[in-house]
Every structure is written in structure tokens, then in C-alpha cells.
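Single-letter residue listing:
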Amino acid sequence: MLELRGLIDAIWGLISGLLSGLGFSPNLISLIGYAIIAAVLFGVVALIVLFLVWWERKVSAHMQDRLGPMRVGWHGVIQTIADALKLLQKEDITPKAIDFPIHFWAPVITFVAAFMVYVTVPFGKGLIVSDLSVGILYIIAITTFTVIGLLMAGWGSNNKYSLLGGFRSAAQVISYEVPLTLALLGVIMIAQTLSLGAIVTQQDTIFKWYVWRQPLGFAIFWIAATAECNRTPFDLPEADSELVAGFVTEYSGMKFAMFFLAEFVNMFTASVIAVTLFFGGWMSPFGPDFGPSWLWFLGKTLFFVFVLMWFRWTYPRLRVDQLMGFAWKVLLPLAFLNILLTGIGIYIFD
Amino acid sequence: MAEATISLNHYLMLSGILFTIGVFGVLTRRNAIAILMSVELMFNAVNITLVAFSDFVTPAALTGQIIALFTIVVAAAEAAVALAVVLLIYRSFKGINVDRINFMKW
Amino acid sequence: MSDAFLTNLTFYVLSFCVIAGGIFVVSSRNLFHSAVFLVFTLFSVAGIFVMQHAYFLAAIQVLIYVGAVAMLMIFGVMLTTQLTNVRLRHVNEQAWPAFAVCLFFLGFLVYGLWDTPFKISQAAAPAEVTRAIGTLLMTEYVLPFEVVSVLLLVALIGAVVIAKKE
Amino acid sequence: MLQNAWIIPALPLLAFVLIVFFTHRHRALSAGLSIGAIVAGFIFSVTILFKVLGDPGPHEFYFKWLDFGTWDLQMGLLIDPLTAIMLLVVTIVSSCVQIYSVGYMQGDKLFSRYFAYISLFSFSMLGLVLANNFAEIFIFWELVGLTSYLLIGFWFEKKSAADAGKKAFITTRAGDLGFIVGILIIFFACGTLNFQEVFAKIETGAFAGGLVTAAAIFVFAGAVGKSAQFPLHVWLPDAMEGPTPVSALIHAATMVAAGVYLVARTMTIFAASETAGLVVAIIGITTSFMAASIALVQNDIKRVLAYSTVSQLGYMIMALGLGALTAGTFHLLTHAFFKALLFLAAGSVIHAVHTNDIQEMGGLGNKMRITATTMFIASFSIAGIFPLSGFWSKDEIVAATVGHPIFLVLTLAVAFMTAFYMFRLCFLTFTGTPRDRKKFDHAQESPKSMTVPLIILAFLSVFAGWVGIPWLEHGYSSFVYHHHPHHAEPSILLMIISLSIGLSGIGLAYLIYYKKSISADAIAERFKPLYTLLYNKYYFDEIYDAIIVQPCYAICDFWFWFDQRIVDGAVNGSATLTIWWSIAKRWFDDHIVDGAVNGLGYTVRGAGGILRFAQTGRLQNYALVIFAGVILIWFLR
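Protein chains in written order, with the numbering used here: chain A, 21 to 370; chain B, 29 to 134; chain C, 98 to 263; chain D, 46 to 682.
So here's chain A without its partners, still in its complex pose (with noise of 0.2 angstroms):
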């Protein structure tokens, strides 16, 4: 049923086919594989942000009683390629006192780690690039270069407020991602495993689903996973009312646009990782094979971002001093509970 594996498989065919008809050797022809792969991931996740960005104006919007952008397209859609296109055209305003090497490569890391990630994430059936060995480890590690990208932009910025607004981000961000890890381990200790494929696999009905056996790691992971994202009610690093709009006050025209987008990925690769660990991936909640397997995914996934813009509009914004102690004196302690009682469950159960 309408899985896209297969139309996936047709389409290369044609391409390798024709390939080789014209002499290439098998070698050049997989690199092609991979550029045409890298393209098309990269297509597919900007068009999600391009449609996030719009959902969540119209969701802040709906919200607040209001309508949002509604001239551009049919409810505004296509609002956001009109936004970009303008951004793209801006002037890239580029302050004298800069540190220009680093002020430069910042959103680009920022940007392409954020979309690195998505190498290893199950799509649907079949529609994975590549399932790591070491899939959420690696999807860890990758996410941390978005710390570097921010430092290097509060820093290279040389400007005060961007600066604050680095070092209150890297600061954040690092001590969520402790609890955060912490959080995962207990997924991973009952899957045996670290790939995603193999733990999508194995909640293959809804009684399955990881976030019955791990409902405290469930929410830590997305209380972490949202100061990850620097959303609300974990936004400091880029509180407009406090640091003028943080690390990217000097920024402009495509390298905002960049950070900009590189936000909604996270907030997407957040949700990825929710649903793949938590809530079955791909998997249909009525046993497999029930609908097209990358609808359920892409529906799940909507559903937590959703939940995610929800809070930014309903939550007001932490203290900078209560955000680090709860990292560190309540979630950690809490994952810390987490792990030794799944240690404890494992023991009993199995």
C-alpha cells in the first residue's frame, strides 16, 4: 500500500541504468547515488520547515483569536517561499568589528549539522539512508556541532549581547543534553540497541510503544528536548525582550535565514526522535502494514511538533538561574531514577 520504497527503488534503477548506458564506472555512479540522496533529504526537510514555519504562524495566530498570513496562496501557504526569497535578495549586512572567519561558518555548521542528523532517521519502511550501527549515539553526537555553531556566532558576532546570548545557549544547551542522553539510555537499555531502524522495529503495535515502559524518560527526554530546541518556556538565548535577539543580533538576509530554518529542524529532529524512540516510528499503532508506513511517521511527527508550538504559546520564560538548577538538580536526578529503575524492571522482568 502506496509505500514509497519501492516507486524509490524504480526511479534509481531508471537513473543507475542510464548511468552506466553512458560509461560511468560503478563507483562514480554510487557517489552519484549519495549526491542525488543528499539533495533529496535535503529537499524533503526543507520543504517540511518551509510548511512548519507557515503552521506555525497560523497556530500562533489561531492561538491568539487571530488569522495569520493570509494573502500569499490559499490561507497564506506560500507565505514562507515569499519570506525567503526575500531574505535571499537582503543585503548581507556584515559589521566592521566581526571576527569574519567565524562570524561566516557559524550558520553554515549550525545549518548543515542540524540537517546531518537526518542520514539515520527512519522515514518509513525501507526509507532510510543509512541505519547506523550506532544510530542515536550518532544523532547525539551530531547535534552537539549546533552548541559549537552558537558559540561561534555569539562569539565571532563581537557584540555583548551576542555574546550572552552564545555563552546562555551553549550553557543550556549542554546541560540539557546530559538529562536528555540520560533519558534515552533507558530506551535503549530494553531495545538491546542502538539503531533506530531495529527500535522502530520493535514497537510494531501501540502496545509496544517504548513510552508505556518509559513514561518518566518519555518526559524528561521532551522536557530536555524542548530546551534543546531553545523553545519556550526555554527561549533565553534568544530572549528579544532581554538580549536584543541573542547570538543573532548581527546576523542578516541568509545567514539568519539559515539559523532560522536550522531552529525548525531541531524542533523537527526533536520530534523525530520522540516518535521514533517513543512512539514507534513508522510503525501503524494497529499492527504493521496498516497504511502507508511514512504518513504514520510524518503524522506522529506533526503531532509532537504541534504539541511543541503549543507550549511556546502557552508558557511564559524561565529565570536563567531556574533553568540551569532545574537541569541539574531535578531532571538529572530524575533520569538518574529513571535508569535505575529500568535497571530494576529489566532484572525483574526479563
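What you were told as hints is all true, and nothing was included just to trick you.
The calculated DSSO-like cross-link candidates involving lysine-lysine, where the alpha carbons are at most 27 angstroms apart (straight line), are: (1) 560/D x 484/D; (2) 122/B x 261/C; (3) 203/D x 154/D; (4) 261/C x 180/A; (5) 180/A x 116/A; (6) 349/A x 262/C; (7) 203/D x 484/D; (8) 261/C x 349/A; (9) 204/D x 154/D; (10) 493/D x 412/D; (11) 493/D x 483/D; (12) 154/D x 211/D; (13) 412/D x 483/D; (14) 122/B x 133/B; (15) 180/A x 262/C; (16) 484/D x 154/D; (17) 204/D x 484/D; (18) 561/D x 412/D; (19) 560/D x 573/D; (20) 122/B x 180/A; (21) 262/C x 122/B.
These are computed hints drawn from the structure, not numbers from a lab.
On the provided structure of chain A, position chains B, C and D as indicated by the hints.
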């Protein structure tokens, strides 16, 4: 290309070069944090060696990988303590250039 | 164009990244640049680990070195650098003797490693390396594992105590 | 299930640790923890009893604690009917006493510590009961001794309490010395300390003869100390300085019964040696008779009960010595309940009138109905009145003495005295006119937490013995026995004799202390020397003081003198010699040695002045030199 494949010696050579760079940094940089970075380079050189031997000589036992793992952990601990020390030096000497910290001389 | 060619290409590109990154780390005048190049170097080393089939170690390398150690370095740089544009010597006066010694050392190393044969084993690696490492850590290497965990705790407390303001 | 029996002692230990480390500031929590642990243990014990009823075992579970290669020390559990019964007794009495203590110790500033000690005691006692080898039982044996010491001296600011604690500890230690010698003999002979293995050696005859007798008598010495048998009984009456619930738990129902339990547990050893059995029986009956006679004239309510305990323990020991394991342990079971009840009721009375002297009480029956009723039930039980618990167990013991005329006569005499002094106590306390008006007016019934345990124990004092009614097909005697079930033919004649003796004792007490138709003072006057002898407890304390304590002091004085004069003189003399020698050496040191040393010093200082410039103070200089040096060494290798 006959000797096309990368042999153990290649990795060891790479490791040696990286190690030498690290040593040079440790011996010459004036800034304490730069020295720490150079030390990290040396650690990494050693890790490359360990993993290379693990991959080529004892692939089944994984000894090298595990020792490298321990090295990484110890390096992390070292970095934390060393940076704390650097911060303390910075507070006491208003600077972290190591050649200024020479009152343990004659 | 062969499979080996791709492997070689990867190795040489990665080696270039490692060495160039390393040289920048030790030679850059701007400490922040050094730190960023350190990240670059360490990431490239992770690539080398992948080439050596140590996927778990590569992930850990990125997680710990890039995510934690390099971050600490950057924090250290930010916390200790006075924002002045005075250009100071970034190397001390023994740079040239040290360079000579290092060059000698490197030459010696290259000479020694050029043709040395090693006992290459053809044994297969365990199917699931990550699982094998986990098992080994909990069985054969459990004592070092525990010792390292204690060391980490000590370092954590020690770092806090040392860095805390009076 | 059964292998998890270790949880029973572990729970009170956990409670002890938690109280000591966490909840010691919180009274209610401490008491709750302690009581919760022991009640849980009680529930577990009941399930164990049912398991054992289904399959008597013995079940043994152990691990090697210390492995010495050819032999090892074990830690383990041995569960058989005797263990199951003891677990039940200990947990029931301990539960009741702890609940009672909530009321009794209310207001004491060391409330939490008290419960910590009680929990530690429960742990030790349960561990003792469950032990599967001599080493383990000895460890727990000493632990109960320790807790007993701690609890006797619980009010340590009172000198008499502190002294009583020390006395108990030191006196029992004398017995424990024998015990450990016995254990060593057994180990020497058998090469193992495991009960089952030792018994197996005895059964096969590998361990026999004089060695068994010696082992049995030495092990029995431990029991003598712990169960307060003649001649080491002197500590138990003094132990009454502790809080009354402690007396009820430790010095009436459980710990003092540990000696009896030890003999019962190692019955095979005693059965293997007739001499040892006889010694045990003689000591038992001697103790029993002596203690009962002392109890006749004591005025301290707790001391009467203490001597009664000694006397009843003597009964059990005697029964065991005569080989009647069933009778001895059955009496242990029933005695635990009614004696704990007696103590708790006495505690209730003391709580009400704040005195221990029965001459200052009287007429309390109307004010303290529950206490008085339960105390009378317990007294009827201990006097062996049909059909209370005590009747059945006492009857078993009397039946065991048939065939040994001297024992039979003395046993019956003790039974008479028991009935007499118990009812003397009850009549003086609860009936008649108040002899101390002020204390009487002040008295009132104790709170619920104290009376409920009394009622529970009264219920048990009446009915617990019914499990051993001799006509019962599958009664106590077919459950706990040595070798083969012991079915004493129920002898109606014997029952009637013992019942009538009990009743006549009560009657005499009734005449003297209730009707006052015979004057107690007149009798005391008439048998003045005997009365004085009994009143002063056969002068045991004084005798021990004269033959043990005073000589010890004398020896100490002598050695003090020796130390002061001879040893110190020698030391001082040698010191004087040393001083002279030092003066001589000093000259040598100042001129010859220092000269050489200083010369060397000047040389080194000169060299250092030049070489110190190598120390630049810069780490990187040193590092470069080290690195270059390493390369050089490697190169030159």
C-alpha cells in the same frame, strides 16, 4: 595501484605526525589553553594508534578500542580539572601566559 | 577507479584535514580560531575512527571531544581572554629549538615506521562491536571501568572546588 | 519461599539501620518502622510455619562465608519445626512488646534509640533461631548479649542500671567462654561446625565418648549463662533495672530462652552422653528449686517475676536434660506467652503506681481491670490450672520426670511454690486495701497501646497450650520431637496430682494474703533463719563478691604496687644511665659529626649556587629538555 590499500603504517605515521604537532604546541605556545589544546591533539594521536592496532592486529579482542575509550574519558576529566586550574591561574595572575608563571625559579 | 581508490582518497583527505587542522591549532594567533580548528581536527579524527571500523568510538569521540572537551576549551578561551587587540607573541623564545627537536623526532618516527612489518591479523571483528564493547566493559574491564568512573567523579568535584570563587 | 526466611531477621536490621541513620529524630516514624518490621516478620513466620507443617524438613540453605580451603565457615538458615515455632514465639512476643512499648516509653527522651535497640535485638534473636551452624549461632548469641546489655543499661544515668548491665554482660561472658570452648572441641572432633554434619557424625559414632560429654557440658555452660541457670543466675534479677517491656521480651520470653533453645537445637549431642544429660537435669532442677524458693519472699514485683523466670527456665532445662525435648520446648512456647504477659502486666502496674514494691500496692484490681484480669489469667496459667496453657506444658514436664523419683518430688515442690508466690504477688497487688493511699489515688488503667498487647497475650496464655493437649492426634508432640515422636501416655492421675498441688498453692496464698487467716509475719518470724536466707537470695551475690571480685581487687592492688615500684624503678634506672651516655655522645656529635656534615653542606651549597640557574621556573623549558632527552636516549640505545 599495487599498494593501494591503507596499511597499519599509514595510520601510525598519521598518528606520529599529529603527536609531533601536539608536542610542538605544548613546548612552544605561551597560552595555557593553547597548551591544553595541544595536549588534546596528543591524546588523539595516541587514540589513532590504539584503534589502528586494534583494527589491524587484534580485531577480535577490541582491546585497543576499549583503551581508547578510557583515554577519551580520562582526557575529559583532565580537561575539566585543567581548565579549572587555568581559571584559577587567570584569577591569580590576571593572565594565562605560562612563561609569566615562573616564580618557582632560582 | 576502484573501491580501494575511494578508501585511499578518504584516508588522504581525512589525514590532510587532521594534519592541517592540527597545524592551525598550534600556530593560530587567535585562540578562538585555534579552538574551532581543534573541533575540526577532532571531528576528522572521528572520521579516521570510522575508517578503522570503530563506529562507536567515532560517535563517542564526537560526543565527548567535540561536545564537551572542545566546548570547555572554548569556554576557557572566552572566560580568560581580555578583549584587547594588542598583538603579542604567541610562541615562546624556545620555538626554534623545539621545532628542531620535533622535526628530528618526526624524522626518526617516519624512518622507524616506513617499512616496519607488523603481525596483521585476519580475524573477523565481532558482529556487533558496540555490544561487544559493552560486554567487555562489564566483564573483563569492569575494574578499570569502575576506577575511571571514580576518577570522573573526583575530577568533577575537584574542578568545582578549584574553580569556585573564594 | 523457605530460602527467603533470611528476610525475617533482615527486616528488623533494616529498621535498626534506618532508625539510627535517618529517623532518630522522629519518634512516631521510628516506632512505626520497628513495629512494621517485626509484624511483617510475624506474618512471614506464620507462612513459614504452614510450609513446615506441610514438609517438616529440616531445610537448610547456606553460603560459604569464609572459605579456608579444606573447611569453611558458613552463613545459613536451618528451618525445621523447632525453628518455625521459635520464629513464631519471638515475632509474636516481640510485636506485642513493641506495641506495648509505644505506651510505656512515651515521654522517654531516648524513645527512638529504644526502638533501634529493640529492632537490633529482634534481628539478633531471629538470626540466632535461624542459624545453621555453631559459629553463626555464636555470633548471634553474642549479639543478643550485646543488645541485652544495652537495654538493661538503657537508663544508664542510673548507676544501678549501668551496673546491672555490666553484671549481666560479664556473668554471661563466663558462660560464653565455656560455649566457645565447647564449639572448639566440636570443631576439633568433627572438622565442621554445621549442625547437621555434627549430628551426622554423632549418629554414625564418629564423635563419641568423653569428648562428646565435654563438648556437651561446655556448650551447656553457654546455656547456663544465657538462661540464668545456677550458678550463673545472679544477673537476671538485677537485669530488671531495664525498662519493663525489655524484661518481658528479653529477660522472660526470648533471650533467656536462647539457652534452652541451644540445648534443644543440639539435643543430639546431649542425647549422646548420659553424664551430660544428668548434669543438665541436675542443674535445671537445682536452679528451679532455688529460684522458686527465693521468689517466695521477694517484695519487688519484677524480682519475683525474674526469679520465677529463672525457676521456669530451670524446668525446661531439666526436661531437656531428661531427654524430653518436646516437653522442654513446649514449656518454652507457653512460658514465653504467659511470662511476657506477667511482665507486661507488672509493667502496667508499675506504670500506674511508679513503684516496684508490692508492699506499697494493694487493691489495684478495681482501678486496673484489664491489667488485673490478664495478670490473673497468666498466674493461673503459670500455676498450671486446667485448661490453661501452663497446665498442659507443665504436665508434660511432670510426665517426663516419672521414673526419676527425686526429680518428680522436687518438680512438684517447685510447682507448689510457683502457684504460691504467683498468687501472693497477685493478691498483694490487686486485692485488699491500698497500703499507700497516695500512689493508689494516682493510679489509673494504662492506655490502649499497652492493654491491647496484654489482651492478645492473655488470649495466647489460655489457648497456645492447646496445641499440645496429649489426646491430640497431630499435636505439638508429633511436630517437634527428637528422633521419634514422643507420645507420652496421658496420665489422668498425674494431671490430677499436679492440678491439686497447684490449687493447694493458690489456696495457701489465698488464706495468707487474701483472707489473712494466717499471718505472713508470724511465719516469717517462726522460720527466721530460712526467711533471711531466702530474702538474701542464698547470699549468692555476697559469695561471688567474696570469692571472685575481692580477690581480683587484691591481685590488682599487688600488680599496681609491682608496677609502681619494680617496673618503674627499672625504667627510671635505665633512663638515668641513658642520660649519662647521651651527654658523652653529644660532645662527639657537636664536634666530629657536625664538622663533617657542615663541610659537606658548604660544598653542596657552593655547587647549588652555580647550578640553580638551570631552574628557569618555566615548565616548557623542562618539558623540552625532557623530550629531547628521551629522544636522545632512544636514539643512543
